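Chemist: Heads up: the sequence lines are chains A and B, in that order.
Here full-length UniProt numbering is used: the first residue of the first sequence is 1, the next is one more, and so on.
Here full-length UniProt numbering is used: the first residue of the second sequence is 1, the next is one more, and so on.
Think of the hints as simulated: they come from the structure by calculation, not from any bench.
As the structure is a prediction and not an experimental result, all values here were calculated from the model.
Each residue gets a CB set at the ideal place from its N, CA and C atoms; glycine is no exception.
Don't take every hint at face value.
Partner residues are not named here, just some residues of chain A that face chain B (Cβ under 7 Å, in silico) [what the hints assert, rightly or not]:
#, residue
1, Leu23
2, Leu25
3, Leu65
4, Glu81
5, Val118
6, Ala222
There are 2 protein chains.
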Amino acid sequence: MSDAPINLETLRQRIDELDSDILRLISERAECARRVAEIKTQEDPQAVFYRPEREAQVLRRIMELNPGPLDGEEMARLFREIMSACLALEQPVKVAYLGPEGTFTQQAALKHFGESAVSLPMAAIDEVFREVEAGAVNYGVVPVENSTEGVINHTLDSFMDSGLSICGEVVLRIHHHLLVADTTRRDKVSRIYSHPQSFAQCRKWLDAHYPHAERVPVSSNAEAARLVKTEWHSAAIAGDMAAKLYDLTRIAEKIEDRPDNSTRFLIIGNQDVPMSGEDKTSIVVAMRNQPGALHDLLEPFHRHQIDLTRLETRPSRSGVWNYVFFIDFKGHHDEPRVSAVLEEVRLRAAEVKVLGSFPQGVL
Amino acid sequence: MSDAPINLETLRQRIDELDSDILRLISERAECARRVAEIKTQEDPQAVFYRPEREAQVLRRIMELNPGPLDGEEMARLFREIMSACLALEQPVKVAYLGPEGTFTQQAALKHFGESAVSLPMAAIDEVFREVEAGAVNYGVVPVENSTEGVINHTLDSFMDSGLSICGEVVLRIHHHLLVADTTRRDKVSRIYSHPQSFAQCRKWLDAHYPHAERVPVSSNAEAARLVKTEWHSAAIAGDMAAKLYDLTRIAEKIEDRPDNSTRFLIIGNQDVPMSGEDKTSIVVAMRNQPGALHDLLEPFHRHQIDLTRLETRPSRSGVWNYVFFIDFKGHHDEPRVSAVLEEVRLRAAEVKVLGSFPQGVL
Numbered sequence: 001m002s003d004a005p006i007n008l009e010t011l012r013q014r015i016d017e018l019d020s021d022i023l024r025l026i027s028e029r030a031e032c033a034r035r036v037a038e039i040k041t042q043e044d045p046q047a048v049f050y051r052p053e054r055e056a057q058v059l060r061r062i063m064e065l066n067p068g069p070l071d072g073e074e075m076a077r078l079f080r081e082i083m084s085a086c087l088a089l090e091q092p093v094k095v096a097y098l099g100p101e102g103t104f105t106q107q108a109a110l111k112h113f114g115e116s117a118v119s120l121p122m123a124a125i126d127e128v129f130r131e132v133e134a135g136a137v138n139y140g141v142v143p144v145e146n147s148t149e150g151v152i153n154h155t156l157d158s159f160m161d162s163g164l165s166i167c168g169e170v171v172l173r174i175h176h177h178l179l180v181a182d183t184t185r186r187d188k189v190s191r192i193y194s195h196p197q198s199f200a201q202c203r204k205w206l207d208a209h210y211p212h213a214e215r216v217p218v219s220s221n222a223e224a225a226r227l228v229k230t231e232w233h234s235a236a237i238a239g240d241m242a243a244k245l246y247d248l249t250r251i252a253e254k255i256e257d258r259p260d261n262s263t264r265f266l267i268i269g270n271q272d273v274p275m276s277g278e279d280k281t282s283i284v285v286a287m288r289n290q291p292g293a294l295h296d297l298l299e300p301f302h303r304h305q306i307d308l309t310r311l312e313t314r315p316s317r318s319g320v321w322n323y324v325f326f327i328d329f330k331g332h333h334d335e336p337r338v339s340a341v342l343e344e345v346r347l348r349a350a351e352v353k354v355l356g357s358f359p360q361g362v363l
Numbered sequence: 001m002s003d004a005p006i007n008l009e010t011l012r013q014r015i016d017e018l019d020s021d022i023l024r025l026i027s028e029r030a031e032c033a034r035r036v037a038e039i040k041t042q043e044d045p046q047a048v049f050y051r052p053e054r055e056a057q058v059l060r061r062i063m064e065l066n067p068g069p070l071d072g073e074e075m076a077r078l079f080r081e082i083m084s085a086c087l088a089l090e091q092p093v094k095v096a097y098l099g100p101e102g103t104f105t106q107q108a109a110l111k112h113f114g115e116s117a118v119s120l121p122m123a124a125i126d127e128v129f130r131e132v133e134a135g136a137v138n139y140g141v142v143p144v145e146n147s148t149e150g151v152i153n154h155t156l157d158s159f160m161d162s163g164l165s166i167c168g169e170v171v172l173r174i175h176h177h178l179l180v181a182d183t184t185r186r187d188k189v190s191r192i193y194s195h196p197q198s199f200a201q202c203r204k205w206l207d208a209h210y211p212h213a214e215r216v217p218v219s220s221n222a223e224a225a226r227l228v229k230t231e232w233h234s235a236a237i238a239g240d241m242a243a244k245l246y247d248l249t250r251i252a253e254k255i256e257d258r259p260d261n262s263t264r265f266l267i268i269g270n271q272d273v274p275m276s277g278e279d280k281t282s283i284v285v286a287m288r289n290q291p292g293a294l295h296d297l298l299e300p301f302h303r304h305q306i307d308l309t310r311l312e313t314r315p316s317r318s319g320v321w322n323y324v325f326f327i328d329f330k331g332h333h334d335e336p337r338v339s340a341v342l343e344e345v346r347l348r349a350a351e352v353k354v355l356g357s358f359p360q361g362v363l
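Taking the hints into account, I'd like the entire structure generated from these sequences.
Modeler: Right under this line is the structure:
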């Protein structure tokens, strides 16, 4: 926009032109997606049109190319919706999630599949698995770890009895800040409002930085933010949304004790997802109970320089072995070095099950 | 796409090209929106950038121009999100709504303002009004009528004590269908599953068409749909989502007793919204209690051929008059024939308050 128009009227006309062009291009994109679907159906009448690895690639590319001024995450969100709408035209993706509606799991499902997907709340994690297994839906969305409850064991356990694989992951990040009104001085804070759960999540930081401030629990972090607006000696612990809404100043950012204060969800399905270029693999390994078993298990990963991103130990439910390990690492099971490691792990373990390779969460 | 590419690879390349173009155009649109904001701020440092009438015009234009294959409503949804993202770049719209999260009111707020708006749940309708009046948020979203509770009197009453105006409306439509599995015959349905609320909403239709079928209440309409999947003599009352999800056949559509089974919400704010071309106006009128008062009140509307879309009577809370009427009609208070009618109404009534003129709900 070097020879940019300069008055409101010209700008609005330019916006109308741009909108017409965007409309035309999105429509052509939908037409292309329709033809892709036609060709795929000719090749295989049962073809699934949703391809997680392709979607991850498109979004990564968009974020790379994005020239601004919109930030990459926002632009990716718009493209997620465009892809979701194009896909729904031919074959709406059906998704079951752990309900009820309005929970973070629904938010994760919408974030991943876009608003055009058909989504339905289930009452329990098993039900989500069951609906996917029965073929009533294409995918399920279940929480796998969150900052308040830690790992959702029930989800991990469900995989042990299930033939489903992991097709993707979604991460919702949650940050807490210490917020004050403009007129408040950092050293004058004598009272802090927040929801009890947020106090728990920021306890260490508060003990270190505001050991003498009175902590007043309130019904929500939004309520906390509202209260400090008129109290010059008070602060609130709350997130970005409340800070923006009440124009509060952040005197400290990201004060949660665990830096990865986030909730992670898994997308489960029947699909073996091809490589996207940046993938993760989840496996579950049963070991015989003997000294050094875990060390033996992890050694091949170290030798092949494969990054472990997570390891959970769970008691086995069978008498044969004592523990099972849920391991997440970077890489796709079709990569030669990953399949080499899996081969070695199979020799050392009582049992190995690959839960799936999937694109690393894009946003 | 007359000289269309024919294989998957070419189609995917074309989609990538289209995505690059869409990305470029959305970015330029955001840049234009930023300049609009700059110019407005120079003219008035307190300027509000969100203009309901402009947004309604853009969406109507998009729906008119939309060539398919995406349907107009879906395309409008995408543009709503694009506009919401562009606006949030400069000045995120702040919205308070009647909570908790996950309710239809939140859905209405997101539908109207897009996902980039900053929105916060409030515990009561008064609180929504208070937050807007205090200037903590730009807009509030409150339900004004729904199919289960009828008119939300509390919302109407709040307007009597408030200086806020109505800046817009959002309608969420809710349809019920009678659904069966493929193998079920219409005349063999001996049992019907549904949520008790849906039974209530379809009672007359059921009495007329399936007087002898057993009605079995279940916890949700989704559950009802799931059950009939395997019962050849059963049907479920449920919505589009459940029909799609379980691939059920609609043996009867829109069986709700009231054809306008929907929930309507109002956007409240401080703004006087200019004409968008298709507008509605809400007024509240206090009449002295005398024979023929209502007829007198309505006569000027009839004479000027102004469409009334709604009329509600509420007992007055003051001793001076006995009733107040909430009237919605088509037109904008800046139109000459509307202001003529308002002039006449003012002569006949004890008091008239224009709650606002606003664009008719687009979707």
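Chemist: A:Val118 was flagged as interface toward chain B. Is the shortest Cβ-Cβ separation under 7 Å?
Modeler: With Cβ-Cβ at 5 Å, under 7 Å, it holds.
Chemist: For the hint on A:Glu81, just tell me whether its beta-carbon gets within less than 7 Å of chain B.
Modeler: holds, 6 Å
Chemist: Checking hints one by one. Is A:Leu25 an interface residue toward chain B, by the C-beta closer than 7 Å rule?
Modeler: holds, 5 Å
Chemist: Double-check A:Leu65 for me: the hint is only fine if its C-beta lies closer than 7 Å to a C-beta in chain B.
Modeler: Holds, about 6 Å.
Chemist: May I ask you to test the interface hint for A:Leu23 with respect to chain B, counting a Cβ-Cβ separation under 7 Å as satisfied?
Modeler: holds, 6 Å
Chemist: Less than 7 Å between beta-carbons is the criterion; does A:Ala222 satisfy it with respect to chain B?
Modeler: holds, 5 Å
Hint violations for this structure: none, all hints satisfied.
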